[in-house]
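The listed protein sequences derive, respectively, from chains B and F. Counting from 1, position 183 in the first sequence corresponds to residue 183 in the UniProt record's numbering; the numbering is continuous, with no gaps. Counting from 1, position 215 in the second sequence corresponds to residue 215 in the UniProt record's numbering; the numbering is continuous, with no gaps.
FYI, nobody ran anything at the bench for these hints, they're computed from the structure. Think of the CB as a built atom: it goes at the ideal place given N, C-alpha and C, for glycine as much as any other residue. Be aware that one or more of the hints could be misleading.
[Stated by the list, open to error] Looking from chain B toward chain F, a few residues come up when the C-beta cut is under 7 Å (computed):
#, residue
1, R152
2, I270
3, F352
[Unchecked claim] Covered stretches of chain B (in silico footprint by chain F; criterion: 3 or more residues with CB under 8 Å from a CB of chain F, positions within the stretch not fixed):
#, segment
4, 41-49
5, 353-361
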Amino acid sequence: MRLGFPRPSLSTFSPILFHANPGRPNTCSSKCLIQPKPQTPLFLRPPTHSVTLSELRKWQNWAKTLASSVGSNFIDADNSPDTILLHRELNWLIEDALENPKPLLTQLGTDCNDEGMVMNLRAELGDLYELWKRRIEERRPFQYVVGCEHWRDLVLSVEEGVLIPRPETELIVDLVTDLVKGDHGELREGLWADLGTGSGALAIGIGRVLGTCGRVIATDLSPVAVAVAAYNVQRYNLQNKIEIKLGSWFEPLKDVKGQLVGLVSNPPYIPSDHISGLQAEVAKHEPRLALDGGADGMDDLLHLCHGATSMLKPGGFFAFETNGEKQCKSLVHYMQNESKGSFCDVSIVSDFAGKQRFVTGFKARPFVNNLHTSCISS
Amino acid sequence: MSSLLLKRSSLLSQNPSLRRHFVTYLFASLSQPQSHHLPPSNRELTVPGSGYGFLGKNNNGSSLISSETSICLSGSFSGLINSTNFRFFGSLAAVEPSTSDGLTVDGIIAHQWAILDESEGDWKSHASAIAQSIHLIKKRLQWKKLIVRLELLSLQIDKPDLWDDPVRAGKISREHGSLMGKMKEVKAFEQELLEHIDMIKLARAENDADLESESVKALFEMRRSAKEKELDALLAGEHDSCSCFIEVQAGAGGTESMDWASMIMKMYKMWAQRHGYGVTIVDEMPGEMAGIKRATIKVDGEYAFGYAKAEVGVHRLVRISPFDSAKRRHTSFAAVAVIPILGDTSTHVQINESDLRIERFRAGGPGGQHANTTESAVRITHIPTGITATCQNERSQHQNKASAMAVLQARLDQLEMARQAQMNAEHTQSLTEISWGNQIRTYVLHPYRMVKDLRTNYEVSDPDSVLEGDIDSFVLTYLSASLDKDEHDW
Ligand SMILES: C[S@@+](CC[C@H](N)C(=O)[O-])C[C@H]1O[C@@H](n2cnc3c(N)ncnc32)[C@H](O)[C@@H]1O
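Let the hints inform the model, and build the full structure from the sequences given.
If you want it as structure tokens, here you go:
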């Protein structure tokens, strides 16, 4: 099913989710039928507003002062940005908002007669005051402020309602890239799935490393995420390679059962009662649907793990992101016991911070039975 | 070619014996008579030889010497000098170009004709000035060394087995092409001077006033461009045309020095921006109260390294400290290192993925979905050498990693160059190697105002403009002083 035609079966939530997260918004109200229109990130808007350099400098100084006033207040509270980081974000906001950011970002142009120079802006000056104020005072994530997130070598559009892709997740694309590079065609030219695609980050990252016949199906339960992902796929001109489907986990993939050569997912994995204690940028602004993984955060991971056995082709690859060591271990344990014999080469991969972050492996091939038993028991 | 590239052993790892072999081979041949390497039959090679045919096949057109065709005639040299089809052999360089009546550039200098003001239309004055410039340019290019080196490279290029090691061969042919270009340019300039003199003499003999004034005018123009060429010759080093990283580190003394380090860094940023170079902050470690502990910027553009290398060393500041409530005079130090970014990837040291440790830098907490930060700093450590590189200014972790990798690559390349002693050793020092005793410049803001270079004694009385990036005169004075000193060495 192509995006834009939600079908009735959407209301069939998978049982795990349904029970574990009674608090989740019912995404299938009549609203589902209205296609959300994704916002254009700031840097892609036309520079149709003009102000003088001196007016801009005034804003810049105000914004710096506001950022400095934060000092280290935030960081003590909940591990959030300090002044240095906020100053860096301010420079990025300038980069995105101005057609020619140079005079504000370099030390040149201190020349007084430049001050009257007209600068072209992609938003009204008043909006810039408002945007920065909300960044500091409401702790609105910087990426929502500028409407984009730089992720790997991509610039992805994001907005409220869509999870901002995390740096840790970039590594999944590296894992797939390495795998596909050494592959003789099956993985490179086959069908992949990215479940809970959010902004489409993983699907796009993977879509760009597959061969000409390689395809990705990306699903999400959130209509906003689906719309934003489709927008990002368009921006990278991958609409022939990546199909975005609205629906819960495997449900939109019924017709490709057993045909996937690869399956990746960064499902919600935060234990429900941790959510309110998260850093303000996350807890107050990012969608709960993208974060809440049930009582121990494992609901969706286990559901995906379970489904992977029937969705993947023998020899097919999977990679799941988790909350850390505990979830990695219990996922591996699940694979070695509950779904014994289904997977092989199961391993835990750490992120760059040294945290055990991902569980990867392959769907076992039936004819190497004795081999995979040995690798599973190891 | 790429698979062969991979074969190139990492100079820092596994294959020291191979590497030693390569290095000693190149350098040993410097000290040995050429006949040792060149069988007599090769000496008479006058058409593209087997080596060249092979080159064409393997090289996929990437060689810089492809414009050079191997035609070498013995005997009359001067007729070939302007032709692009001429290929240099050491023995021929010895043939001095001269006018029809035997006047050479050295001859002109020996005459010691008075050098008058440019506006005086005296041809001897122009000729004398141009000859002086040529002399200086040759000195800056280290002419004699250049000839020896070219001769050596020519011998290497003629070996039939040259392209058995395509990486080395590429390196050799590139260096040959570049040195060749420099030599040809000077030779052509010399020749032009002598031709104009011939013309003037002819015009006088035939009483052709038009021709004479035309030729004098041509000499006048040469005299101007000679000045530019003198400057160009200051930046003739192998890596001078590269982009570079500039690194600044605060010396002991806490906030005071960290503030000074950030002033120095600002000076370089402004200098680079004035020159139209691209400037990116790669790595910055801010001080607790003010300034920076350490920072790395990338300066993108032609000859960034050639100029910036003159800044390597310790910079000293004397002022009334803005951080001292007692308003005492303080002395602070900041060290500067400069690393070239080699444009030619085939000369890069090969880095094995497995030798790297990549870490998220300044990461705390559980990460992943727990946190939303725009901070994605990455630190890469090259385990065998312990060299590290950090980047935190990019907007994605992937890009931070790529930038840190570029810094690491440049550091390893620099280490390798230092080992091969291909560059003047002092320019290759990393921050950790620069000794705090190695002061190159003093900036005094109080009790008087002055900036003085301790290497050249060049000084100015306006520290503000220097700190706003106006350092060119310091750079040029240093570069010419360091190249123009050893009269006998060139
Ligand atoms: C942690 S986010 C990951 C987003 C994206 N893959 C990334 O890495 O940035 C989890 C995503 O799963 C989606 N999701 C939550 N429940 C889902 C369900 N039942 N079926 C499909 N997607 C779901 C959320 O909307 C959210 O986009």
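Hint check results:
At its closest, the beta carbon of B/R152 sits 4 Å from a beta carbon of chain F; the interface hint therefore holds under the 7 Å criterion. This hint holds: B/I270 has a C-beta 5 Å from the nearest C-beta of chain F, less than the 7 Å allowed. The closest approach between the C-beta of B/F352 and any C-beta of chain F is roughly 4 Å, which is under the 7 Å cut-off, so the hint is satisfied. For the segment 41-49 of chain B, the stated coverage by chain F is violated: 0 residues have a C-beta nearer than 8 Å to a C-beta of that chain, whereas at least 3 were required.
Using a Cβ-Cβ cut-off of 8 Å, 4 residues of the segment 353-361 of chain B lie near chain F, which meets the minimum of three, so the contact claim holds.
Violated hint: 4 only; the structure is consistent with all others.
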